[in-house]
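Note that the protein sequences, when read in sequence, are chains A and B.
For the first sequence, UniProt numbering gives the first residue as 1, with consecutive numbering after it.
For the second sequence, UniProt numbering gives the first residue as 1, with consecutive numbering after it.
Treat the hints as calculated values from the structure; they're not laboratory data.
Ideal placement from N, C-alpha and C gives every residue a C-beta, glycine not left out.
There's no promise every hint is true.
Over 12 Å on every C-beta distance to chain A, these chain B residues come out as not near it, computed from the model [claimed, not checked]:
| id | residue |
| --- | --- |
| 1 | 41 |
| 2 | 51 |
| 3 | 53 |
| 4 | 88 |
| 5 | 90 |
| 6 | 122 |
| 7 | 154 |
| 8 | 197 |
| 9 | 227 |
| 10 | 265 |
| 11 | 358 |
| 12 | 367 |
| 13 | 412 |
| 14 | 419 |
| 15 | 434 |
Straight-line alpha carbon distances no greater than 30 Å define the calculated DSSO-like cross-link-like pairs of lysine-lysine that follow [what the hints assert, rightly or not]:
| id | chain 1 | residue 1 | chain 2 | residue 2 |
| --- | --- | --- | --- | --- |
| 16 | A | 174 | A | 213 |
| 17 | A | 434 | B | 154 |
| 18 | A | 306 | B | 290 |
Sample of chain B residues facing chain A (criterion: CB under 7 Å; computed from the structure) [unchecked claim]:
| id | residue |
| --- | --- |
| 19 | 296 |
| 20 | 327 |
| 21 | 334 |
| 22 | 337 |
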Amino acid sequence: MVLDMDPLFLAWSYFRRRKFQTCSELCSEILEKSPYDQAAWSLKTRALTEIVYVDEVDVDQEGIAEMMLDDHAIAQVARPGTSLKLPGTSQGGGPSPAVRPVTHAGRPITGFVRPSTQSGRPGTMEQAIKTPRTAHTARPVSSASGRYVRLGTASMLTSPDGPFINLSRLNLAKYAQKPNLSKALFEYIFHHENDVKNALELAALSTEHAQFKDWWWKVQLGKCYYRLGLLREAEKQFKSALKQQDMVDTFLFLTKVYIRLDQPLAALNLLKQGLDVFPREVTLLTGIARIYEEMNNITSATEYYKEVLKQDNTHVEAIACIGSNHFYTDQPEIALRFYRRLLQMGVYNCQLYNNLGLCCFYAQQYDMTLSSFERALSLAANDEEVADVWYNLGHVAIGIGDSNLAYQCFKLALANNNDHAEAYNNLAVLELRKGRIEQVRFFSGYLYGILCMFRLN
Amino acid sequence: MAEEEEAVAAARETSLQLPVSTDYKRPRSKKVQELPILERRNWLIHLHYIQKDYETCKAIIKEQLQEAQGTCEYAVYVQALIFRLEGKIQESLELFQTCAILNPQSSDNLKQVARSLFLLGKHKAAIEVYNDAAKLNQDWEICHNLGVCYMYLKDFKNASEQLNYALQLNKHDITFIMLGKMHMLEGDTDKAIEVYKKAVEFSPENTELLTTLGLLYLKLGIYQKAFEHLGNALTYDPSNYKAILAAGSMMQTHGDFDVAMTKYRVAAYSVPESPPLWNNIGMCFFGKKKYVAAISCLKRANYLAPFDWKILYNLGLVHLTMQQYASAFHFLSAAINLQPKMGELYVLLAVALTNLEDIENAKRSYEQAVSLELFNPLVNLNYAILLYNQGDKKGALQQYQEMERRVNKIKESSNNTEFDPEMIEMAQKMGAALQVGENLVWTKPAKDMKSKQRNTSSSKPLTLQQPLGSNQALGQAMSSAAGYSKSIQLSTGGSRQKPPSLPLEPDVCTDANTGESSFTPEVKDK
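Given the sequences, and given the hints that come with them, work out the whole structure.
If you want it as structure tokens, here you go:
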């Protein structure tokens with residue numbers, strides 16, 4: 001006779017082993033037998049939440065709607081150095097745009113793609129909508145419509161016989177009384193159902209029940225307010241939570257609020273306060289470095305990235321950013337060392353080999369240059385990447401004075417990505433050197449078209 | 001192109017301001033009796049125009065023209081001016097022509113028609129219209145513009161006539177500048193200097209005039225005067241980029257690197273992205289023997305101007321000095337790709353190749369250099385040394401004699417040429433080694449020949465004691481050749497004096513660079 005394990009214990013075990021699907025199925029079985037089993041119910045909510053859980057702290061991209069209907073901005077025209085909205089108001093420290101290329105939005109290219117690297121806002125609603133949604137410039141219409149909606153529908157798929165918990169019939173006041181259930185339920189509503197309104201209601205009732213002494217509920221309230229765009233309320237909640245309990249998460253959430261409010265200096269201050277409480281915390285240091293980078297203050301950003309590396313010497317973002325910074329400040333040899341480190345850590349992709357190739361060329365290690373680029377080409381995942389590699393090869397060709405090769409490289413870049421503005425520009429320059437004015441007109445016509453499309457500055 | 005635009009912009013400014021104010025008065029005074037109603041809103045149009053409120057201005061003009069059925073001259077005139085500001089030259093030309101039909105007696109209208117034609121590049125048509133205008137009213141502006149038109153048509157005789165006439169009527173800096181430019185186009189530097197001298201007398205505080213005059217003197221090699229004028233320019237405007245660059249490169253030529261650096265520091269604030277500036281800074285460091293900094297600066301210059309062979313030349317030179325021959329080879333070959341007609345580049349390439357032990361190609365490179373460079377004795381000397389080291393005494397002798405011939409030629413042409421002492425010494429050694437030392441061409445008396453010969457023969461142990469840097473194995477492998485090849489670099493370094501002063505004409509590269517702003521390699525996000 002086989003001794004059956006206690007199903008609830010088994011479910012727990014599945015949960016701990018991160019087999020959430022099996023865990024939730026097992027819980028369903030238990031709940032069928034005894035519908036009022038609170039332990040099973042709570043476990044199931046947690047399992048379902050874990051399936052779709054996304055770390056809220058991670059930067060999310062501002063959508064067009066949030067951007068344009070933003071009434072939190074303090075000053076229409078911010079002073080230089082106090083805003084993230086104005087690209088190109090460098091506070092010194094960074095190389096000029098002629099030395100370090102910029103993104104389509106006018107920010108210096110960073111060493112690491114993250115959702116906010118495209119920021120730099122378009123000036124008007126019209127401009128924002130006109131901006132084409134190519135791979136480079138994609139910006140969701142609103143942040144609430146993109147990821148969150150998909151998560152919501154995902155929850156419907158996992159349970160074919162309707163939602164697990166029918167929110168409209170839930171007596172939130174009753175659940176708010178039970179602290180052991182309410183937290184799991186909140187996370188379920190917030191992450192799985194993506195129903196911010198109900199989540200907010202539950203959080204409000206619970207924090208009241210806890211007599212405003214539980215910092216966790218305040219953070220959750222703040223998250224709800226943030227999601228709803230009520231930034232000032234969110235700020236209040238986070239601040240109050242911080243008074244009770246210092247948490248890294250709370251600092252990061254509050255930073256997010258300040259960044260959304262376009263107050264980078266306040267965000268920096270806050271993160272530095274956080275560092276006093278949690279000395280050398282990597283996430284806080286990274287946050288500071290990112291803000292400095294967004295503000296075009298590359299020197300300070302690099303300092304903080306170096307601090308990050310002291311704590312966590314496998315931090316990919318920090319290594320990549322420091323590497324690219326060295327490259328653009330005329331130290332390709334040092335950049336090469338950082339990129340080699342990335343290679344040792346197992347990063348293996350087109351971009352890295354491309355960077356290695358460029359560094360090798362500018363550090364005059366000619367033997368490695370072309371093989372790196374070859375590998376980059378073979379690893380390229382899409383046409384845009386191929387185009388970028390050819391574009392860089394064009395520069396190598398110019399570096400060795402072979403303008404025919406350069407011409408062909410730029411042409412190949414265009415063949416792979418026909419709105420590569422830089423390639424058009426460089427082709428026009430090459431034609432100008434040959435003295436073929438007609439061709440120059442042709443290319444600059446294209447270039448002008450693309451610039452209009454992107455509304456560059 | 002850039003010059004042209006500059007001139008156009010400058011001339012446009014002058015030609016724009018005059019007609020507006022006169023036109024404003026003209027309709028009021030003349031036409032008030034005939035068409036009182038049509039002209040009544042001219043003041044409003046004028047007001048909006050000078051406030052640059054073009055949208056409102058256009059709206060009023062439209063109303064006015066509807067009322068007057070297109071016969072209101074002033075409204076059409078201002079509309080045309082606005083079109084021109086918006087870059088719609090063709091439309092503005094048509095409207096100005098309408099103006100000229102409405103009021104054929106006004107020279108202002110004709111001037112504007114001609115101006116539009118000029119902007120469209122139809123110089124001949126512009127000249128005709130200007131001539132018509134001149135019949136109505138002769139003034140400075142017409143003469144000046146006629147001169148400019150003739151200049152672009154390469155009719156320098158008429159151009160200088162008109163420009164001089166303009167100067168007689170009224171003296172303006174812009175006319176002086178155009179006249180000077182015209183003389184430069186003609187290739188007549190002396191006349192250009194005369195013109196600029198007069199111009200400087202007329203307005204002694206115009207830094208552009210002072211700088212240009214200084215640069216002209218520099219071109220002629222009259223350093224004292226050049227320095228004087230550049231210095232004057234710098235006293236009036238201490239951050240004048242062109243003047244700083246020119247003055248700095250002069251100091252550099254005299255080995256005054258620290259002073260030059262302080263000058264460049266000022267310029268680097270105002271123009272941080274100028275390739276010639278970074279090139280000169282790099283060569284300053286080179287002169288101070290700070291090679292790493294020199295390479296860094298030169299590389300930045302190369303990054304900003306990838307097509308400038310002078311920068312590549314300097315990079316090659318610095319790498320040769322650093323004994324990084326492979327890198328030097330790459331930079332020099334890139335330079336040769338961009339500028340295939342320069343003998344000195346081939347010499348440097350050959351030196352790099354010799355050190356890379358590719359003797360065959362080095363010889364070919366020397367051959368090329370000898371065929372391209374017809375006056376420089378250095379080329380032959382270096383070639384002779386290479387051949388001698390390879391044991392080809394006959395070939396070496398031939399090259400040596402060729403060198404002597406060239407030296408004599410230079411001596412004949414000018415009396416006070418000074419040769420690089422290092423080169424003289426090297427040539428003497430060489431002559432001794434080839435046993436032709438008796439008929440020396442140098443001014444030095446051929447005393448203690450014997451001791452010199454001893455020097456050459458004992459050069460082998462000497463080189464071994466010298467620190468050879470990173471490629472020690474290579475250096476040691478070379479026998480007495482090392483003694484020569486080491487000094488070859490230095491003797492080619494005799495031509496080092498040239499590169500820093502090469503890029504000192506700052507306006508040479510402005511042209512190509514304007515379109516190249518994004519000509520920078522990108523390291524992609526990852």
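Outcome of the hint check:
For residue 41 of chain B, the requirement that its beta carbon stay farther than 12 Å from each beta carbon of chain A is met, with the minimum near 33 Å. No beta-carbon of chain A is positioned within 12 Å of the beta-carbon of residue 51 of chain B; the least distance is around 22 Å. For residue 53 of chain B, the requirement that its beta carbon stay farther than 12 Å from each beta carbon of chain A is met, with the minimum near 21 Å. Every Cβ of chain A is farther than 12 Å from the Cβ of residue 88 of chain B; the closest lies at roughly 16 Å, confirming the non-interface assignment.
No beta-carbon of chain A comes within 12 Å of the beta-carbon of residue 90 of chain B; the shortest separation is about 17 Å. For residue 122 of chain B, the shortest C-beta to C-beta distance to chain A comes to about 18 Å, beyond the 12 Å cut-off, and the non-interface label holds. The beta carbon of residue 154 of chain B is kept farther than 12 Å from every beta carbon of chain A, the shortest such distance being approximately 18 Å. The beta carbon of residue 197 of chain B is kept farther than 12 Å from every beta carbon of chain A, the shortest such distance being approximately 36 Å.
A cut-off of 12 Å between C-beta atoms confirms that residue 227 of chain B is not in contact with chain A; the least separation is 31 Å. For residue 265 of chain B, the requirement that its beta carbon stay farther than 12 Å from each beta carbon of chain A is met, with the minimum near 16 Å. Non-interface call for residue 358 of chain B relative to chain A: holds, since the shortest CB-CB distance, roughly 16 Å, exceeds 12 Å. With a minimum CB-CB distance of about 21 Å to chain A, residue 367 of chain B clears the 12 Å threshold, and the non-interface call stands.
Every CB of chain A is more than 12 Å from the CB of residue 412 of chain B (nearest about 38 Å), matching its label as outside the interface. Once the 12 Å rule is applied to beta carbons, residue 419 of chain B is consistent with being away from chain A; the minimum gap is 32 Å. With a cut of 12 Å on Cβ distances, residue 434 of chain B stays outside the contact zone with chain A, its closest approach being about 37 Å. Between residue 174 of chain A and residue 213 of chain A the CA atoms are separated by roughly 19 Å; this keeps the pair inside 30 Å, and the hint holds.
Straight-line distance between C-alpha atoms of residue 434 of chain A and residue 154 of chain B comes to about 24 Å, which keeps the hinted pair within the 30 Å bound. A hinted pair counts as satisfied when its Cα atoms are at most 30 Å apart, and residue 306 of chain A with residue 290 of chain B qualifies at roughly 29 Å. Because the closest C-beta pair between residue 296 of chain B and chain A is about 5 Å apart, less than 7 Å, the hint holds. Evaluation of the residue 327 of chain B hint against chain A yields a held restraint, the C-beta minimum of about 4 Å falling below 7 Å.
For residue 334 of chain B, the suggested interface contact is upheld, since its CB lies about 3 Å from the closest CB of chain A, less than 7 Å. A hinted interface residue such as residue 337 of chain B counts as satisfied when its beta carbon comes closer than 7 Å to some beta carbon of chain A; here the least separation is about 3 Å, so the hint holds.
No hint from the list above goes unmet by this structure.
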